[in-house]
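This is what each chain is made of:
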Amino acid sequence: MSADSQTRDTLTIAGVEYNSRLIIGTGKYASYEQNAQAAEAAGAEIVTVAIRRVNVMDPTQERLSDHLSPEKFTYLPNTAGCFTAEDALRTLRLAREAGGWKLVKLEVLADQKTLYPDMVETLRAAEVLIKEGFDVMVYCTDDPVYARRLEDAGCCAIMPLGAPIGSGLGIQNPINIRLIVEQAKVPVLVDAGVGTASEAAIAMELGCDGVLMNTAIAEAKDPIRMARAMKHAVIAGREAYLAGRMKKKMYADPSSPLAGLI
Amino acid sequence: MQLILNGSPKETEEGVTLGQFLKELGLPEKGLAVERNLEIVPKSVYDSTQLEAGDRLEVIQFVGGG
Numbered sequence: 001m002s003a004d005s006q007t008r009d010t011l012t013i014a015g016v017e018y019n020s021r022l023i024i025g026t027g028k029y030a031s032y033e034q035n036a037q038a039a040e041a042a043g044a045e046i047v048t049v050a051i052r053r054v055n056v057m058d059p060t061q062e063r064l065s066d067h068l069s070p071e072k073f074t075y076l077p078n079t080a081g082c083f084t085a086e087d088a089l090r091t092l093r094l095a096r097e098a099g100g101w102k103l104v105k106l107e108v109l110a111d112q113k114t115l116y117p118d119m120v121e122t123l124r125a126a127e128v129l130i131k132e133g134f135d136v137m138v139y140c141t142d143d144p145v146y147a148r149r150l151e152d153a154g155c156c157a158i159m160p161l162g163a164p165i166g167s168g169l170g171i172q173n174p175i176n177i178r179l180i181v182e183q184a185k186v187p188v189l190v191d192a193g194v195g196t197a198s199e200a201a202i203a204m205e206l207g208c209d210g211v212l213m214n215t216a217i218a219e220a221k222d223p224i225r226m227a228r229a230m231k232h233a234v235i236a237g238r239e240a241y242l243a244g245r246m247k248k249k250m251y252a253d254p255s256s257p258l259a260g261l262i
Numbered sequence: 001m002q003l004i005l006n007g008s009p010k011e012t013e014e015g016v017t018l019g020q021f022l023k024e025l026g027l028p029e030k031g032l033a034v035e036r037n038l039e040i041v042p043k044s045v046y047d048s049t050q051l052e053a054g055d056r057l058e059v060i061q062f063v064g065g066g
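Chains L and A, in that order, give the protein sequences.
For the first sequence, the working numbering gives the first residue as 1, with consecutive numbering after it.
For the second sequence, the working numbering gives the first residue as 1, with consecutive numbering after it.
Simulated from the structure, these hints should not be mistaken for lab results.
Certain hints may be false.
To be verified - Some chain L residues well away from chain A (every beta-carbon gap over 10 Å; in silico):
hint, residue
1, 78
2, 90
3, 245
4, 251
To be verified - Covered stretches of chain A, going by a simulated chain L footprint (3 or more residues, C-beta under 8 Å):
hint, stretch
5, 14-25
6, 54-66
Every residue, glycine too, gets a C-beta built ideally from N, C-alpha and C.
Hey, can you work out the whole structure from these sequences and the hints?
See below:
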């Protein structure tokens, strides 16, 4: 084993080091308990969370934090459901007050059908948030130009979609993901679109620093098993990327020596 | 007096503070944030913030989401 392959390989986001490169969502699970088991199986250290009104009719209702402790997992508040920069700002300011953390996931959506990010609004919100001292991980299109703009604005992680949120269609434009990875000086994570383990591995083999997913695990027949599969896929993809794949060849190339054939 | 709490009308006593109001609702202070008339109220001033009739309060928490 070379010295390199023994080196610890960690992911640093906004100055904090993580061992896991898999961030998972906390939506769509059958229960918070199942969600917690999936997070455990995925080896996740960061989980995305949404901000919603408290159910004032039933304050005893189960809370996310009863199962996924914010002491154990880094909560990454998102702005899912926000369609303007103002909505996103309002949501994340409330999130900071509720949790006291400044690491956030910004997403400003354009329409219900595609849930595609509105990049004009996203950039506008990112600029304000960064001025207010937030560390902004930003959900974005796979457009390398906008990715660069967001990085220049000071975002601490660029998170292009692989395919629309919840679609499970896999990485639709590997060329663009690769271009974004090549130019970025901050971590790049594929956020949205991964449907199964091989697609998470593809994201990592493209050189991404991590993958963020929710539906692929939550809507699997066995979410806990899929969480474990994703953990291995992300590690496998990362290791393959670092190892450097062989060159593709047009024709066969025997693996056994030709000399000494009987 | 009447307030608007998370979009619905809610009756409470005159002169109540935000801190008292949250206790009456049975809500823990931890993990919540409160917006009063579109302005965030820091936790440190819950007990000195006197609510007024017609106040629009949003009380939020973290829930599961992707």
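List in ascending order the numbers of the hints, as given earlier, that are violated by the structure. 1, 2, 5
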